[in-house]
Amino acid sequence: MAVRVHLSSNLRGPAGGLAEIEAQGATVGALIEDLDRRHPGLGDALRSGVSVVIDGLLIAHPEYEPLADGALVYFVPQTAGG
Amino acid sequence: MTVTESKPRYKYVGTRPVRHDGLEKVTGRARFAADLNLSGQLHGIVVRSPHAHARIVSIDTSKAEAMDGVKAVITGDDFPAVDPSNRNYDMCVNIMARHKVFYEGHAVAAVAASTRDQARAAAAAIEVAYEVLPAAMTIDEALAPGAPVLHDHMMTKGADPPATEPSNVSDITRFAAGDLDAGFAEADLVIEREYTTKPVHQGYIEPHACVADTGQDGHTTIWCSSQGHFNVRSSSAAMLGWENTRIRVIPAEIGGGFGGKTTIYLEPLAVALSAKAGRPVKMVMTRDEVFRATGPAPGTKLKVKLGARRDGTLVAGDAYLIYSGGAYAGSGGLLGAMTVFESYNIANFGVESLNVVVNTARSAAYRAPAAPLTAFAIETMLDEIATELGIDALDLRLANAVAEGDPSTMGFPFARIGFTECLEAVRDHPHYSAPLGPNQGRGLAAGYWFNIGESSSATVNLNEDGTATVVTGSPDIGGSRASMALMAAEELGIDPLDIRPVVGDTEAVGFTDVTEGSRATFATGMAVVEACRTMVAELRGRAAKMMGTDIDDIDWVDGQAVYTGSDGDKAPLSVAAICAKAKRTGGPLTATGSLEAHGAGPGFAVHLCDVEVDPETGVVRVVRYTASQDAGTAIHPSYVEGQIQGGVAQGVGWALNEEYIYDSDGVMENPGFLDYRVPVASDLPMIDAVIVEVPNPAHPYGVRGVGETGIVPPIPAVANAINDATGCRLRNLPMSPVRVLEAITANGGSDG
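Protein chains in written order, with the numbering used here: chain R, 1 to 82; chain E, 1 to 752.
Honestly, I wouldn't trust all of these hints.
[To be verified] With beta-carbon atoms standing in for the labels, derived distance ranges:
#, chain 1, residue 1, chain 2, residue 2, range
1, R, E33, E, A124, 53 to 63 Å
2, R, G16, E, P80, 40 to 50 Å
3, R, E33, E, K157, 16 to 26 Å
In case anyone wonders, no lab produced these hints; they're calculated from the structure.
A virtual CB, placed ideally from N, CA and C, is assigned to each residue, including glycine.
Work the whole structure out from these sequences, hints included.
Right under this line is the structure:
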């Protein structure tokens, strides 16, 4: 699956400052693997403490979330609350 | 008052039945953790550090162990060693210090004895030798050159270049968008302001309390008050080095949490004492201990710069935010960075935030953590911009407010949100145009909170008579049981008062995350709906069997199985009728729902506050308050209003009175409600809660969390009202009478 990835600005360091990246993955976990191959170290930054937003839906633990071809996936910091 | 976007008509959702736990609460029969007593129980007391920062040289427990009634004494040596690389390290060494103490009140030992007096005497007989170290009590002290470094392992995450030496900065977060320099160059007006705020406590009325009963089989049962008993189980297990299955946690009623009971302090100590003594152990904190050793919310230093065009369009924002996390790494910096510019469209922004450790109690979550403080900065600066540009303060916000499709600070486009509707609700409220009296002023402010989903479980059991029990794993900290019953009633078609909503213990219901992030009615409500929909499918099947037809010929309509087939007329069957035949149609009727809830909907609020300022004393009195908030759908409007009103009350206290005060040795000087003054009913007017309903498309009933957003706008709303009344702009909390008076009389209109 070809997927468009958007990184929140605090996560762009390992991606050389890129905000948007084209990558591959049938699930968010597979997508992170592919991102880590393209930008070594990015995988570690995305595997914990990070949520995704897909089609407007905030998903806190997305590793096995399936992705459609052409999906736009936003990686954002995970939040908690009080 | 409710402002509602068009939505489906519901029979029960949106009504206001008497809460199921109400009678027990008002008659004093409800059992909180401190109300529980077991046969043969001992009483546990914690020995706490008198120093803000010290090395533990030795602990001699021999005298205490020989005293009358003493059955067990524990120190850090009674727990497995823990390494800083362990994700539970901070929690473990906060619950019981190892080698060093990091704040006055830090636990160093605990004792269990037959009576509380005996335990207290034995605690006093435990001899702890300390090597006192210099302390860093404030952000400035922690960041000063040569400051004492609290943790040798703390290498600043996010430092650029990477940190090579330990420091008191645990992490740095940066967000940016657009071109900051170009943005400010485009601005006709640029203002830059600095703010300071003090740590404040969540102020829950019920102190932390628990009873632990550890058996010879190595299993324990804990009764306690918390915001998440599954978290009590896993955290206690981590501290003790046990498997989860050895610990059962039974939730007591909770007397307030507000985020402060999302973590634990006593439970592993009670378990360890109970295991050592072979008897149940009860531990109840005093108010003094609650203040010294739990909570608080972080103190901050904030520096924010905003640029706007002459027409009010915000074009640039720059923020430098420092949050003190207390003795261990906090999360305020990240959340502050995520919230500071989140409510408004600002094409060019930069944020840098730091979490700093200081020698005060480890900070804990407090409703919408970090957001009230960034709102204090942004919302008071917007007021200044509106005044400078001659634009109405509400119109300025309307012109810049984020709406569906606008990008968040993190880049993703907002789904349907109700910020504009909240602004309009306040604009259209009679309060907005009501005249003010002498020495009075009016302040407007907005607020935002993310809200979260996470994991929840629910079980629905239908009883033989057609009534129902709904069991969830979410402690009810704000009326969520009533909401669970209402959603189940809507799904099943049963009167909500015929449904008993119960909070199940860790062995009675599926895993459920902590009640935090305003998630219970949203996420656990989804689990209840899921369980009910499974139940309805089962009821249709049972009805089909009773009618001698196929399930596809049965619809569920208003609590009845209705035949829709073509084989003549068949009388509808009620839930009670189907339950009465359950033994003959397949056995007990039970269904579960367990899920990870996606799509938590952000919450926005807009508040309007009138204050009256005594020009001779500086005392500020809130005389009128209106608060609008987008609830998505209000399942039980009374409890949505209660959440809004509670948030306002706490926010007003934060604005006007509350702060931790330490002496020169780092000892807290006001650890009681006499000297740490939270608002009481007589301090506040009736708070008019205006519920705005812009349904969250990700929830079956459109729910957004409502528990936290209400505390975000009050601080700036009060500050803006004080400015309107006096012409003084206060930027340091609390806005106490002394500060207000100084601003009026000495400082030419500001607090320094």
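Task: Contradicted hints - numbers only - done: Of the numbered hints, all hold.
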